[in-house]
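Start from the sequences, fold in the hints, and give me the full structure.
Note that the protein sequences, when read in sequence, are chains A and B. The opening position of the first sequence corresponds to residue 1136 in my numbering, with each subsequent residue numbered one higher. The opening position of the second sequence corresponds to residue 4 in my numbering, with each subsequent residue numbered one higher.
Rather than coming from a laboratory, the hints here were simulated on the basis of the structure. A hint or two may mislead.
Once the Cα atoms are required to be at most 30 Å apart in a straight line, the calculated DSS-like pairs of lysine-lysine come out as [stated by the list, open to error]: (1) A/Lys1251 - B/Lys156; (2) A/Lys1251 - B/Lys148; (3) A/Lys1180 - B/Lys48; (4) A/Lys1175 - B/Lys138; (5) B/Lys63 - A/Lys1175.
Each chain, written out:
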Amino acid sequence: MAKKSSRDRMKNEVNAGSMADIAFLLLIFFLVTTTIDVDKGITVKLPPWSDEPPEIQQMKTRNVFSVLVNAQDQLLVRGELTDITDLRERAKEFIANPQRRDDLSTNPKNAIISLKNDRGTSYKQYLAVYNELKAAYDELWDEECLKMYSIPYSDDLPIAYKRAIKEKIPMVLSEAEPTNFGEEN
Amino acid sequence: MAHFQKKRGKASPEVSTASLPDIIFMLLFFFMVVTVLRDGERKVKVVVPEATQLQKLEQKSLVNHIWIGRPVEKFQDLYGTKPRIQLGDKFATENDIPLFLEQHKIKVPEPQRPQITSSLKVDGDVTMGIVSDVKTILRKSGQLKVNYSARPKQTR
Chain A
1136 MAKKSSRDRM
1146 KNEVNAGSMA
1156 DIAFLLLIFF
1166 LVTTTIDVDK
1176 GITVKLPPWS
1186 DEPPEIQQMK
1196 TRNVFSVLVN
1206 AQDQLLVRGE
1216 LTDITDLRER
1226 AKEFIANPQR
1236 RDDLSTNPKN
1246 AIISLKNDRG
1256 TSYKQYLAVY
1266 NELKAAYDEL
1276 WDEECLKMYS
1286 IPYSDDLPIA
1296 YKRAIKEKIP
1306 MVLSEAEPTN
1316 FGEEN
Chain B
4 MAHFQKKRGK
14 ASPEVSTASL
24 PDIIFMLLFF
34 FMVVTVLRDG
44 ERKVKVVVPE
54 ATQLQKLEQK
64 SLVNHIWIGR
74 PVEKFQDLYG
84 TKPRIQLGDK
94 FATENDIPLF
104 LEQHKIKVPE
114 PQRPQITSSL
124 KVDGDVTMGI
134 VSDVKTILRK
144 SGQLKVNYSA
154 RPKQTR
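Rendered as structure tokens:
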């Protein structure tokens, strides 16, 4: 009789009351360890390496927008000392040349931006300069896109549209080998 | 009157908590899926600079990371304060990069290999010398898609 009562007390279920607590514990662990960081950055395409020295192409001076960054992080744009805040506007004016000036590019297709830095240039400054030059192109693409398709430029644009815009305003940014100054040891 | 009283007596005052574990489990699974556990420790200090023209890196499996920065304090006795490269979880030199790229490449299915991107996580205070060296090595090993990692600028 006593045996029967003990069997009665036995239940066929596991107590699930603490399940929530266990789940909470795990949840808090994952909450703490999670870092939702999206990887973002400026994507560039490097030129392929060739062992032969590159052919020296003579460009018309008016088609070349030279940007030099020295080891003191100063900018020399087409021979003038320039502040980085003016770089974007100057680059845009050079590429588009809205007033058809003689000293700026003949056509966006011929425009070349030449970037050269020292080994001692800080990476921060280099990226800031690169960012401004990229921004100049992005803004021009945006304007062109609004003109052609009356929608702003974005990465989700159909490939044909993007190609048409980049056909009109190709991004040509040539980077020279850095000069060997001011590298820290 | 009696009718009303009877009804009030029947209603249970507690909210049922039976579905609570299910809700918690749902949240738990969400966080388990989005969690990326840090692979290895950072041996170099990297604070990436700010920029505005950012692009998102899409597929995580197609990205390999190259860290460049000064060794963190713990390793300064051993490695000094000169900027160094970290690949995976250990210090490396430029000459280790081709092997590192190759090791990543064999894990990626063949058709997707041209889309492999190298994410350069470079500290803002590092000089361009070491970055140029890395860039040259990347070009020599045919890894031409590169992403300069940066933070979005706060103002603007």
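Outcome of the hint check:
A hinted pair counts as satisfied when its Cα atoms are at most 30 Å apart, and A/Lys1251 with B/Lys156 qualifies at roughly 24 Å. With a C-alpha separation of about 20 Å, the suggested pairing of A/Lys1251 with B/Lys148 holds against the 30 Å cut-off. For the hint linking A/Lys1180 to B/Lys48, the alpha-carbon distance of about 26 Å falls within 30 Å, and the restraint holds. Straight-line distance between C-alpha atoms of A/Lys1175 and B/Lys138 comes to about 19 Å, which keeps the hinted pair within the 30 Å bound.
Taking the CA atoms of B/Lys63 and A/Lys1175, the gap is about 12 Å. The hint holds against a cut of 30 Å.
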